[in-house]
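Asker: Make the full structure from the sequences, and use the hints.
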Amino acid sequence: MPLVHTPSGGTRTRRALTGWAFAGPATVLVGTLSLLPAGWSFMFSRTDWNGFGPWDDIGWDNYAWLARNPGVHEAAGHTLVFAAMFVPASVLLGMGMAVALDRRIRFIGFYRMCVIVPFVVSGTVTGLLSTILFDPGFGRVNALLGRAGLPAQQFLRSPDQAMATLCVIALWAEIGFTSMIYLAALQDVPRRLLEAAALDGAGRWRTFWYITVPELRAVTVFVVFWQTLTAVQLFDLIHTATGGGPSGATTTLAYLLYDTAFPRMHYGRAAALSYLIFAMTLLLALVVVIRMRRTGKDIL
Amino acid sequence: MARRRLPFSRRHLLLMPLALLFVLPILQLVSSSFMSTDEITRSPPKLVPGRLDLGGYQRLFTETGIVHWFANTVLVSTVAVVSHLVLCSLAGYGFARLSFTGRAPAFVLVLLTSMIPPQLLLIPTYVMFARAGLTDTLAAAFLPWTASAFGIFLMRQFFLSLPVELEESAALDGCGTLRTFVYIALPLARPALVTLAVLTLISSWNDLLWPLVAIDADTHRTLQSGLAGFRGIHHTQWPELMAGNVVATAPLLAIFLLAQRQFVATVTGTVAPHGS
Numbered sequence: 001m002p003l004v005h006t007p008s009g010g011t012r013t014r015r016a017l018t019g020w021a022f023a024g025p026a027t028v029l030v031g032t033l034s035l036l037p038a039g040w041s042f043m044f045s046r047t048d049w050n051g052f053g054p055w056d057d058i059g060w061d062n063y064a065w066l067a068r069n070p071g072v073h074e075a076a077g078h079t080l081v082f083a084a085m086f087v088p089a090s091v092l093l094g095m096g097m098a099v100a101l102d103r104r105i106r107f108i109g110f111y112r113m114c115v116i117v118p119f120v121v122s123g124t125v126t127g128l129l130s131t132i133l134f135d136p137g138f139g140r141v142n143a144l145l146g147r148a149g150l151p152a153q154q155f156l157r158s159p160d161q162a163m164a165t166l167c168v169i170a171l172w173a174e175i176g177f178t179s180m181i182y183l184a185a186l187q188d189v190p191r192r193l194l195e196a197a198a199l200d201g202a203g204r205w206r207t208f209w210y211i212t213v214p215e216l217r218a219v220t221v222f223v224v225f226w227q228t229l230t231a232v233q234l235f236d237l238i239h240t241a242t243g244g245g246p247s248g249a250t251t252t253l254a255y256l257l258y259d260t261a262f263p264r265m266h267y268g269r270a271a272a273l274s275y276l277i278f279a280m281t282l283l284l285a286l287v288v289v290i291r292m293r294r295t296g297k298d299i300l
Numbered sequence: 001m002a003r004r005r006l007p008f009s010r011r012h013l014l015l016m017p018l019a020l021l022f023v024l025p026i027l028q029l030v031s032s033s034f035m036s037t038d039e040i041t042r043s044p045p046k047l048v049p050g051r052l053d054l055g056g057y058q059r060l061f062t063e064t065g066i067v068h069w070f071a072n073t074v075l076v077s078t079v080a081v082v083s084h085l086v087l088c089s090l091a092g093y094g095f096a097r098l099s100f101t102g103r104a105p106a107f108v109l110v111l112l113t114s115m116i117p118p119q120l121l122l123i124p125t126y127v128m129f130a131r132a133g134l135t136d137t138l139a140a141a142f143l144p145w146t147a148s149a150f151g152i153f154l155m156r157q158f159f160l161s162l163p164v165e166l167e168e169s170a171a172l173d174g175c176g177t178l179r180t181f182v183y184i185a186l187p188l189a190r191p192a193l194v195t196l197a198v199l200t201l202i203s204s205w206n207d208l209l210w211p212l213v214a215i216d217a218d219t220h221r222t223l224q225s226g227l228a229g230f231r232g233i234h235h236t237q238w239p240e241l242m243a244g245n246v247v248a249t250a251p252l253l254a255i256f257l258l259a260q261r262q263f264v265a266t267v268t269g270t271v272a273p274h275g276s
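So the sequences go chain by chain: A and B.
Each residue of the first sequence is one higher than the one before, counting from 1 in UniProt numbering.
Each residue of the second sequence is one higher than the one before, counting from 1 in UniProt numbering.
Some hints here could point you the wrong way.
To be verified - Covered stretches of chain B, going by a simulated chain A footprint (3 or more residues, C-beta under 8 Å):
hint, segment
1, 50-62
2, 110-121
3, 243-251
Derived by calculation from the structure, the hints in this document are not laboratory data.
Every residue gets a Cβ at the ideal spot worked out from N, C-alpha and C, and that includes glycine.
Answerer: Here it is in structure tokens:
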């Protein structure tokens, strides 16, 4: 419960006025710029509007289109495949890197800084840069593979490899943030538990697995939630690295939504698609909340 | 105070290559911006330019709208940061410390809006701005950045974590709510304010989707939407593109490195649960 600061001699009305003077402007702005459009989006999703002229109410037709269109199914599949690679890798690499960085040795501040720096680079720039680094002809990555005696790859130009390549690039950009969160949580693992385990003769790996990993569970729930949102909403990187290609191989739901609404102006369909993404987000939040209740820890 | 030197460890063998993995692509970006097209597309690639070629920067500044894009981005980010700092700290304080009718439902509303994905808002916000005649203006670029549920939440959590006694004694001394907020609570909230400023700066500076959708005129673009469009038109002009990427990234990187320590401390402190 928040402790309450009572202004001297404030009546109920005066308190309400003061409170709303503080909280009102931001609350109204956030509400207007999100709840209002969210409701409006639902209205659009039941029309065939293309940006010009009047629109007709077509009931649930756009949702029916979502259900039958193979392009939507493919995009949903791509989104799931990306999340299935990106989220577990975020947890494993984030935790692993946090453990590696959790040691007071020389230059440790420098190492931590290096890892977090890509987080500042925009998705747009990361995507553009990756087209150079992963170029099949003159890219640095193929040059490195060549030096290791491995054959050159097509990466972003190959329908089979583009998604995995995007995932590697997204991990490069995001993993620093995840490891900083794990690094902070590692500081809160009680020393006496680790010492007790050592006294009982548990090795380093057993201590990590049976003490540290369970202690980090609440953070892991947060990381899974956060990185899944990132994966579902990823747009900038896809737009500049592949533009959804080659031949649609990296078109996720979020990218399909942009593609449906802006070059093609099918606002109704795009709005329905945005509700599909919203439903996926809500479902995910529900799962996370239930998991949190079960672990008995509250991240809020 | 004499600083004890930290020891070396075998772990450097692991951490050195790891750090390189994260930094080398950025170094390659900077060095490629000083190369000619020939040198960039030569195989095998080079990390250090053979000859310093400023052609990329020269053509970037004379043949594209980068100066406009840069100024627009600075404007959007400045509005976003200042407005977030003022509005979100006021609201965060209100939700954390003041008791007023409708506080609970208003805060639940704010939390609910944070669940709404940006994709859901894209089309109606675009239509809303188009109806108001605001698309293709700079106002369209910065209006959605004036406040955020995340900002309100972050500030509320921070104010809740402060000891309430100082504010109570200020109130006993006859200090009004606004004065208590400005002179007692805000100075204590500095770490949270720095974090909010840095995060707002990064997300508003780096946003692509909204300016891509809301803005058409070349002179009203931001750095990200300008660069994203750049690729289609000047397809193989790598030096300009890399120079543009450097211009878009360098200011943000500099500010982030300055604020890094405080930022990392607060983010991790807010997100990671304490005690167990």
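Asker: Against each hint, give a clear statement of whether it holds in the structure.
Answerer: Hints, one by one, checked against the model:
Counting residues of the segment 50-62 of chain B whose C-beta lies closer than 8 Å to any C-beta of chain A gives 0; at least three are required, and the coverage claim is violated. Only residues whose beta carbon comes within less than 8 Å of a beta carbon in chain A count, and the segment 110-121 of chain B has 10; three or more means the coverage holds. Only when three residues or more bring their CB closer than 8 Å to a CB of chain A does the claim for the segment 243-251 of chain B stand; here the count is 3, and the claim holds.
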